[in-house]
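*Asks:* With chain B fixed as given, assemble chain G onto it according to the hints.
The listed protein sequences derive, respectively, from chains B and G. Heads up: the first sequence at position 219 corresponds to 219 in my numbering, and the numbers run straight through without jumps. To get my numbering, take the position in the second sequence, counting from 1, and add 314.
Honestly, the hints are just simulated from the structure, not real lab data. Built from N, CA and C at the ideal position, the CB exists for glycine as well. Mixed in with the good hints, there may be bad ones.
Stated by the list, open to error - Pulled a few chain B residues facing chain G out of the computed Cβ check, cut under 8 angstroms:
1) D50
2) A93
3) L124
4) R132
5) T137
6) L144
7) T151
8) R152
Unchecked claim - Cβ pair distances, simulated, as ranges:
9) I606(G) with A61(B): 46 to 56 angstroms
10) G347(G) with G284(B): 24 to 34 angstroms
11) P23(B) with R499(G): 47 to 57 angstroms
12) S497(G) with G307(B): 56 to 66 angstroms
13) D327(G) with G279(B): 54 to 64 angstroms
14) P296(B) with P340(G): 23 to 33 angstroms
Number of protein chains: 2
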Amino acid sequence: MAGRSVAETGEFDVIGSIIEGLPSSPAVRVGPGDDCAVFAVDGDVAVSTDTMVENVHFRRAWSSADDVGRKAVAAAVADLEAMGARPVGLVMALTLPPELEVAWVSEFAVGVREECANAGVVLLGGDTTRGRDITATATVFGDLQGRPPVTRAGARPGDVVAVCGRLGWAAAGVTVLNRGFRSPRAVVVAHRVPEPPYGQGIVAQQAGATAMIDCSDGLLADLGHVARASGVAIDVHTSALDVAEPQSVVAAAVGGGDPLTFMLTGGDDHALLATFAPGDVPDGWQVIGVVIEGEPAVTVDGAAWQGEAGWQHF
Amino acid sequence: MAGRSVAETGEFDVIGSIIEGLPSSPAVRVGPGDDCAVFAVDGDVAVSTDTMVENVHFRRAWSSADDVGRKAVAAAVADLEAMGARPVGLVMALTLPPELEVAWVSEFAVGVREECANAGVVLLGGDTTRGRDITATATVFGDLQGRPPVTRAGARPGDVVAVCGRLGWAAAGVTVLNRGFRSPRAVVVAHRVPEPPYGQGIVAQQAGATAMIDCSDGLLADLGHVARASGVAIDVHTSALDVAEPQSVVAAAVGGGDPLTFMLTGGDDHALLATFAPGDVPDGWQVIGVVIEGEPAVTVDGAAWQGEAGWQHF
Chain B
1 MAGRSVAETG EFDVIGSIIE GLPSSPAVRV GPGDDCAVFA VDGDVAVSTD
51 TMVENVHFRR AWSSADDVGR KAVAAAVADL EAMGARPVGL VMALTLPPEL
101 EVAWVSEFAV GVREECANAG VVLLGGDTTR GRDITATATV FGDLQGRPPV
151 TRAGARPGDV VAVCGRLGWA AAGVTVLNRG FRSPRAVVVA HRVPEPPYGQ
201 GIVAQQAGAT AMIDCSDGLL ADLGHVARAS GVAIDVHTSA LDVAEPQSVV
251 AAAVGGGDPL TFMLTGGDDH ALLATFAPGD VPDGWQVIGV VIEGEPAVTV
301 DGAAWQGEAG WQHF
Chain G
315 MAGRSVAETG EFDVIGSIIE GLPSSPAVRV GPGDDCAVFA VDGDVAVSTD
365 TMVENVHFRR AWSSADDVGR KAVAAAVADL EAMGARPVGL VMALTLPPEL
415 EVAWVSEFAV GVREECANAG VVLLGGDTTR GRDITATATV FGDLQGRPPV
465 TRAGARPGDV VAVCGRLGWA AAGVTVLNRG FRSPRAVVVA HRVPEPPYGQ
515 GIVAQQAGAT AMIDCSDGLL ADLGHVARAS GVAIDVHTSA LDVAEPQSVV
565 AAAVGGGDPL TFMLTGGDDH ALLATFAPGD VPDGWQVIGV VIEGEPAVTV
615 DGAAWQGEAG WQHF
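One chain only, chain B, in its complex shape (with noise of 0.2 angstroms):
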């Protein structure tokens, strides 16, 4: 028996069930449902915007609304760490069929709010329309509290480049689905909803570090665009991946591929990725290369990466 679709419902209904009982926090002064959201900030404002079609990033058949709703937060709260900014505030933009069940609508809601609380954010407000694809556009705020933010552009010769959080995990978990089955289950609920390391990046930004991106596009795209950014070349030590169990057996059920081809071309885990000098590296970042002088590249242990490389979203 098929539930109430969004056209049955009508979209203030539809908002009245994304936004009935927010919690709210000190800092908003205007919350949902007013022209604009208002809230206090502290120093400059870190914006990042961050968009999820379905069938481009997700799958209903693979994921479900709730798991959907924390991916859209948690993928745009992961940009606010990666400057060291501390997550404030999130708008959501959704498009949604018209024939679409409501109840999906409430329960992308519910992961939506969960994941909020997660990370910190508080859910401002949003707007709905119809569109033929389900569209979840997650724009997320922070500040800066005085601290100068951490770029791409900052990575120094004699810098060594430290991770913090999983690599590889999410293109595992999809390479599993894409042959049709569930498990191992960890890497598929990785793909499902990413764990960026919240917290870290103010951490990695007291720290010292010289320079920061959350890997989205796969660890050597993403050290691709530090390397350009800041006019260096990054080498990766593959002794210092860790391939986990998880991802070996994804890679020999694939036919006996190499696992350490999900750490280094996987995105969507939205790890965190920084450049520091070699004492400043805080507690839970692990070391995996180093920064040197030359042309902008990422090099593999000492020799470019014979193997796939980051996906584009077109």
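*Replies:* For chain G alone, coordinates are given in the frame of chain B:
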């Protein structure tokens, strides 16, 4: 001869064509191209997000890409004006069909930049992804510079209702276009590119506006939002509504309908509607009604409006 498509050009080059040579401002600490943009603000921050979807909010047969870009910015910034905020920045999330000609995107970007300049906001960054519909989500930020925001909730019995900007022009334009015509040109252009009264939001705030909203759903619908949020009744005086000549032309062309219907129910012109103590109405604003005690409702010349109501997106 078809131009290059988005898919042939690639995501990074599409983004490059949008952000290339962007004007900046002293408030921008980090511009497009990093994980976040970073900008300075003065006081509390106002934020709003607004999505436009092809064939829901615009048609490529009716509007140029430049028009669509301008409209996406104007509609979003009008929400900042309606809070009395100073417009500061904008991020744009785009969903593009892979087969779309990249020239459409470039022209869209020209429109975005033009209207950002008109509105006084800086384009700070964005995101592009693929999807079946062209979808543009503009998220805008302003600052309050120490002033309180003007919400929908402050209207008091005894206040007058005033408007700054046009009512019902875009709706008349859609009526014309739906019938396959292109004139009167003035209302067609009004549908393509709204003209919010930039700067008048702060003027209204400083004059003592007690409540404010931008007119996007239609005069009666939007005053209904104010009435409910403020717990008051509002009466609109049709003697104060000046039907414009092109509106009369369109009403006559569609069979002698009442052109007032456009003014009372037509949205998307993004005029500002505000309530003031009778002596506080600033120059350039026209009094069109009064706030009275009573159950939240909007009447027209003392009676319920019998015509069509504002439209919902679903």
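*Asks:* Does each hint fit the structure? Answer for all of them.
*Replies:* Results for each hint:
1. Evaluation of the D50(B) hint against chain G yields a held restraint, the C-beta minimum of about 6 angstroms falling below 8 angstroms.
2. Among the interface hints, the one on A93(B) holds; its C-beta lies about 4 angstroms from the nearest C-beta in chain G, closer than the 8 angstroms criterion.
3. For the restraint placing L124(B) at the interface with chain G, the shortest Cβ-Cβ distance is roughly 6 angstroms, inside the 8 angstroms limit, so the hint holds.
4. For R132(B), the interface hint holds, since its Cβ comes within 8 angstroms of a Cβ in chain G; the closest pair sits about 5 angstroms apart.
5. Contact between T137(B) and chain G, as hinted, is supported at the beta carbon level, the nearest pair being about 4 angstroms apart and thus within 8 angstroms.
6. The closest approach between the C-beta of L144(B) and any C-beta of chain G is roughly 7 angstroms, which is under the 8 angstroms cut-off, so the hint is satisfied.
7. This hint holds: T151(B) has a C-beta 5 angstroms from the nearest C-beta of chain G, less than the 8 angstroms allowed.
8. The beta carbon of R152(B) comes within 5 angstroms of a beta carbon in chain G, closer than 8 angstroms, and the hint placing it at the interface holds.
9. Our hint of 46 to 56 angstroms for I606(G) and A61(B) holds, since their Cβ atoms are close to 55 angstroms apart.
10. For the pair G347(G) and G284(B), the supplied restraint of 24 to 34 angstroms holds, since their beta-carbon distance comes to about 28 angstroms.
11. Roughly 50 angstroms separates the CB atoms of P23(B) and R499(G), a value that falls within the hinted 47 to 57 angstroms.
12. Between S497(G) and G307(B) the beta carbons are some 60 angstroms apart, a value that agrees with the proposed interval 56 to 66 angstroms.
13. Take D327(G) and G279(B): their Cβ atoms lie about 40 angstroms apart, and the range 54 to 64 angstroms is violated.
14. The hinted range of 23 to 33 angstroms is satisfied by P296(B) and P340(G), whose Cβ atoms lie roughly 29 angstroms apart.
Hint violations for this structure: number 13 only, all remaining hints satisfied.
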